[in-house]
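Produce the complete structure using the sequences and hints provided.
Those protein sequence lines, which keep their order, are chains A and B.
Residues in the first sequence are numbered consecutively from 1, following the numbering used here.
Residues in the second sequence are numbered consecutively from 1, following the numbering used here.
Source of the hints: derived by calculation from the structure; they are not laboratory data.
Incorrect hints may appear among the rest.
If chains are identical, the list can't say which one is meant, so a pair holds when it fits in one copy or spans any two.
Here are the computed lysine to any residue pairs in the SDA-like style, where the Cα-Cα straight-line distance is at most 20 Å [what the hints assert, rightly or not]: (1) K181 x S11; (2) K181 x G60; (3) K181 x E7; (4) K181 x F17; (5) K181 x M170; (6) K181 x P318; (7) K181 x Q162.
Being a predicted model, the structure only gives us computed values, none of them experimental.
2 protein chains.
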Amino acid sequence: MSTLTIEATRSGLVESFHTVSVAVVDTEGTLVAQAGDPHRVTYWRSAAKPFQTMPMVRDGAAEHYGFGARELALACGSHSSEPMHRALAASMLRACGCEEHQLACGPHPPLSQAVADEAMRAGVILTPRWSNCSGKHAGLLALARHHGWDTQGYERAGHPVQERVLDEVMRWTGQSRDALKLGVDGCRAVCFGLSLRAMATAYARLGVSPEPAARQLREAMVTHPELVAGTGRPCTDLMAAARGAVVAKVGAEGVYCAAIPEVGLGLALKVEDGDGRCSPPALLAVLRQVGEQRGLSLPVAELRQHAEPVLRTTRGEPIGELRATGALRFH
Amino acid sequence: MSTLTIEATRSGLVESFHTVSVAVVDTEGTLVAQAGDPHRVTYWRSAAKPFQTMPMVRDGAAEHYGFGARELALACGSHSSEPMHRALAASMLRACGCEEHQLACGPHPPLSQAVADEAMRAGVILTPRWSNCSGKHAGLLALARHHGWDTQGYERAGHPVQERVLDEVMRWTGQSRDALKLGVDGCRAVCFGLSLRAMATAYARLGVSPEPAARQLREAMVTHPELVAGTGRPCTDLMAAARGAVVAKVGAEGVYCAAIPEVGLGLALKVEDGDGRCSPPALLAVLRQVGEQRGLSLPVAELRQHAEPVLRTTRGEPIGELRATGALRFH
Numbered sequence: 001m002s003t004l005t006i007e008a009t010r011s012g013l014v015e016s017f018h019t020v021s022v023a024v025v026d027t028e029g030t031l032v033a034q035a036g037d038p039h040r041v042t043y044w045r046s047a048a049k050p051f052q053t054m055p056m057v058r059d060g061a062a063e064h065y066g067f068g069a070r071e072l073a074l075a076c077g078s079h080s081s082e083p084m085h086r087a088l089a090a091s092m093l094r095a096c097g098c099e100e101h102q103l104a105c106g107p108h109p110p111l112s113q114a115v116a117d118e119a120m121r122a123g124v125i126l127t128p129r130w131s132n133c134s135g136k137h138a139g140l141l142a143l144a145r146h147h148g149w150d151t152q153g154y155e156r157a158g159h160p161v162q163e164r165v166l167d168e169v170m171r172w173t174g175q176s177r178d179a180l181k182l183g184v185d186g187c188r189a190v191c192f193g194l195s196l197r198a199m200a201t202a203y204a205r206l207g208v209s210p211e212p213a214a215r216q217l218r219e220a221m222v223t224h225p226e227l228v229a230g231t232g233r234p235c236t237d238l239m240a241a242a243r244g245a246v247v248a249k250v251g252a253e254g255v256y257c258a259a260i261p262e263v264g265l266g267l268a269l270k271v272e273d274g275d276g277r278c279s280p281p282a283l284l285a286v287l288r289q290v291g292e293q294r295g296l297s298l299p300v301a302e303l304r305q306h307a308e309p310v311l312r313t314t315r316g317e318p319i320g321e322l323r324a325t326g327a328l329r330f331h
Numbered sequence: 001m002s003t004l005t006i007e008a009t010r011s012g013l014v015e016s017f018h019t020v021s022v023a024v025v026d027t028e029g030t031l032v033a034q035a036g037d038p039h040r041v042t043y044w045r046s047a048a049k050p051f052q053t054m055p056m057v058r059d060g061a062a063e064h065y066g067f068g069a070r071e072l073a074l075a076c077g078s079h080s081s082e083p084m085h086r087a088l089a090a091s092m093l094r095a096c097g098c099e100e101h102q103l104a105c106g107p108h109p110p111l112s113q114a115v116a117d118e119a120m121r122a123g124v125i126l127t128p129r130w131s132n133c134s135g136k137h138a139g140l141l142a143l144a145r146h147h148g149w150d151t152q153g154y155e156r157a158g159h160p161v162q163e164r165v166l167d168e169v170m171r172w173t174g175q176s177r178d179a180l181k182l183g184v185d186g187c188r189a190v191c192f193g194l195s196l197r198a199m200a201t202a203y204a205r206l207g208v209s210p211e212p213a214a215r216q217l218r219e220a221m222v223t224h225p226e227l228v229a230g231t232g233r234p235c236t237d238l239m240a241a242a243r244g245a246v247v248a249k250v251g252a253e254g255v256y257c258a259a260i261p262e263v264g265l266g267l268a269l270k271v272e273d274g275d276g277r278c279s280p281p282a283l284l285a286v287l288r289q290v291g292e293q294r295g296l297s298l299p300v301a302e303l304r305q306h307a308e309p310v311l312r313t314t315r316g317e318p319i320g321e322l323r324a325t326g327a328l329r330f331h
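Here it is as C-alpha cells:
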C-alpha cells in the first residue's frame, strides 16, 4: 500500500508522525492516484461549504439579495474573523432581513491567533458572526428567506434548507441518501460522512462544471481567496499564488479538498488523526506529486511556509519542521 | 501486533483515530505488557522532569535552599501558571539568589485555558516564570548555584548542569550516553530521545527505589499533585484520586509515563501523532488494563472526564468523545 506521512522533527529526530489517506479522481470518480485508504469514510466538515452554498446560488437567493463574488467566497470559506469577514457576514444578514442572533453557529476563538489575541486583549465578547462559519450560515439563512421557509432550525437535519443542501451534496458526490452519514458539525449545521473518493469526485466536477452556479462559486473562491480563509492562511495563500489553477478548501479534523480544473482532477485527503497543522503540508505534497506527474506548474515551491512549517521553541528559535514523506500511487 | 487506539467520534461515526505505542516494564526493564511498538524512540520531554530534578535533591541543593515537598513537586511538574505556581517558582528563584530573567524558558500561553484567558483579558505580559517548566528551570539554576557553576547557559548540552542531568538520566533509564539522542525542548533545555521501554524502566525504578532522593520526589508528586499540573488537569486529578498508588507525569507531543509502586511496574506511552488530547485517555486505558490483570484497585472509573473526554459543538452540546479501543498484550 502506498503511504503518505507527515513527520514532525525535533533536533533531527522524528518525534511524531501523522498518516494521511488520499484520493485523487477524475470527474467520473475514477481513482487516478491514492495513498493510504482512498475509500476512508469521514466527515467532510467545512470542505463541503461550496456545496452547502450551491443551493443559494442555483435557487436565485444570491442574485435576489445582491450577493456577488465576495459574499459567495465568504459563504464557501472558513474565515479568520478579521474585521472584513465580520463586516461582510453582518451585511449578508442585513441583506436578507436577518439578525445575528438567528445564526445557529456558536462563537469560538478566531482561527487567526493574532485576531484571537487582539479580541481577548480588547475584552470583546465573541458573538456568532465571529464564527469562521458565519458566511455559510448567513447564506443558509438567505436561502430560507428566499424560499419563504421558517428560519428557525435551519441548521438541523430535516429542515427544508438542509434537505435542499443534502440534494446538492448527493448530486455532486454521486452518493445516495443512504450512503451519506449525517452528523452535527461544530457549528451545529448538518455535516456529511462520506468517502474521500466521493469528496474528491465533487471537487473534480466543481472545477470544470459548465453550470453557472459552479462557475460562479469557483471563480468567487479564486478571485477572493482572502475571504475563503484569511491573512497568511493556507487556502488563501495557495489560491492567491495559483491564480485559478487550484480551488482549495480546508475542513476540520485534518481534511483538505481541492480541484485542479486544467486536468479535470479533484482530490481529498484526511490526516487520519485529525491534526489541522498537518493537512496543509499534506495538500501541498499531493499537489506537487500530481503536478509533476501531469506536467503542471502548481505553486508549491513558493509556499514553503505551509509545505514545511517550522516548529519553534518558546523563544522562537527553529527546532524542527513538519515534512511530508512517501509517494502517491498513480494508476 | 497488539494495538491501542484512541478514536474521536462525532454523531456516532469515528471521525479521526490515534495510534498509541505502549511499554509496561518491571524494574529490570523486562516487558510485561505492550501495544504498538514498545521500542519506539521519541523524546521524553516533560515526562523526564523527575529525573532532571533528581540531581538537585541528590547533590544537596534542595536541602541547602530549603526546598520541601512543594518545591520538589513544582520542579517535577508542568504547571498551569496558576498564581500558586508562579509564586512558588518565584520563591525558588529568590531562595537560590537568582532572578526571573535568568530562566532560559520562554513564556507561552498557560496550559490552563482559564488562566490563559484571564491573563489575556488582564493584559498581562507573559514572562518566563509563567512557563509550565519554570519550576524545573528554577531547580536547575539552584543546582548550578549550589555547585558554584556559572548559571549562564545552564539549559544547553555540555553545561555542567546538563552533564549532571544526563548522568542521572543514564542511571535511571539504563541507557548509555551513545544510546541517548539529545535534542532541544520547547523550553530550550536539553531533552532526551530514547525508547518507551527505557522511559518505562526509569519510572518502574522511581516508583520503588529505596534511595532517599527518589522517595522524596515521588512522595512530593503524590502529596502535592496540584503543583505537578493544576486545577482539573489529568496528572493532578489522577494522583489525587490514586492516593499514592500511581506516580504520573505527562510529556509534550503525546507522551505519558507512570509508576505503579505496589507492583513495581513502570509504563510509558506515546500517541504516535503527538496529540496531547489523547494521552490521558490512553494512560487511563493502560492503567485500567494493568489494574485488571494484576487485581489492583486503580482510580479509573471515577476519572471519566479524562478517560472519555466529551467533544462539543461551539455552543457546548455534546457531539462525540475520545475513547480507547484495543488491548495490551501481556507477556
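For each hint, the structure was consulted:
1. K181 x S11: Intra 43 Å, inter 9 Å, cutoff 20 Å: inter-copy only.
2. K181 x G60: neither (28 Å within a copy, 62 Å between copies)
3. K181 x E7: between (31 Å within a copy, 17 Å between copies)
4. K181 x F17: Classified as between: cross-chain Cα gap 18 Å, same-chain 29 Å, threshold 20 Å.
5. K181 x M170: So K181 and M170 pass the 20 Å test inside one copy only (11 Å; across, 52 Å).
6. K181 x P318: This pair counts as between: shortest inter-copy Cα distance 18 Å, intra-copy 42 Å.
7. K181 x Q162: The answer is within: 13 Å in one copy meets 20 Å, while 54 Å across copies does not.
In summary, the structure is inconsistent with hint 2 from the numbered list given earlier, while agreeing with all the others.
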